[in-house]
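S.K.: Sequence:
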Amino acid sequence: MAASRVRRRIAAGANGFSLIEVMIAFILVSVGLLGLMSWQLFIEQRSDYAQRSGQALALAEQKLTWFYTRGAQSSLSELTVADFARDVVSGEEVAGSDYRLVWSVTLLSPVLKSIRIEVIWRDRLGVERSIELSTLLSRYAQYQADDE
7 MAASRVRRRI AAGANGFSLI EVMIAFILVS VGLLGLMSWQ LFIEQRSDYA QRSGQALALA
67 EQKLTWFYTR GAQSSLSELT VADFARDVVS GEEVAGSDYR LVWSVTLLSP VLKSIRIEVI
127 WRDRLGVERS IELSTLLSRY AQYQADDE
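Counting in the working numbering, the final residue of the sequence shown is number 154, and the numbers go up one at a time with none missing.
Treat the hints as calculated values from the structure; they're not laboratory data.
Incorrect hints may have been included.
Stated by the list, open to error - Capping the alpha-carbon separation at 16 angstroms, the derived lysine to aspartate or glutamate pairs in EDC-like fashion look like this:
#, residue 1, residue 2
1, Lys69, Glu99
2, Lys69, Glu98
3, Lys69, Asp89
4, Lys69, Glu124
5, Lys69, Asp93
6, Lys69, Glu138
Taking the hints into account, I'd like the entire structure generated from these sequences.
M.R.: The following block contains the structure:
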């Protein structure tokens, strides 16, 4: 008699989940987890790019700062002072093990040069990334008199 009650309850479908319902729930949870994992990877890549591009920007600004010393008096400066004609020329250097600085200098007039600095690095996936700064630089420092 007890067995017949159990059969009636199962036949009515009142208890439990079917195998199809469990499989659909498992697929939905799996798709959601895959989406979260890809989102996490994207966030890590963007974070890495932000960190490395910030460092690259600092390196480019450091090189530009050195170019801007061209009008300073070497006796008053803690930095080695750049000479407009001799030092403000195209070049390249490696900074650390990750970054390469490449700068090109174009003479626009006897007193004006165009400077373009590019900092290149590889991200964690091996893709080459870069940032670029460009400016114009006069032979004369902004506070220097023309007759000096």
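S.K.: Each hint needs a verdict: does it hold in this structure or not?
M.R.: Going down the list of hints, with the structure as the test:
no.	hint	in the structure
1	Lys69 / Glu99	10 angstroms, holds
2	Lys69 / Glu98	11 angstroms, holds
3	Lys69 / Asp89	14 angstroms, holds
4	Lys69 / Glu124	11 angstroms, holds
5	Lys69 / Asp93	12 angstroms, holds
6	Lys69 / Glu138	12 angstroms, holds
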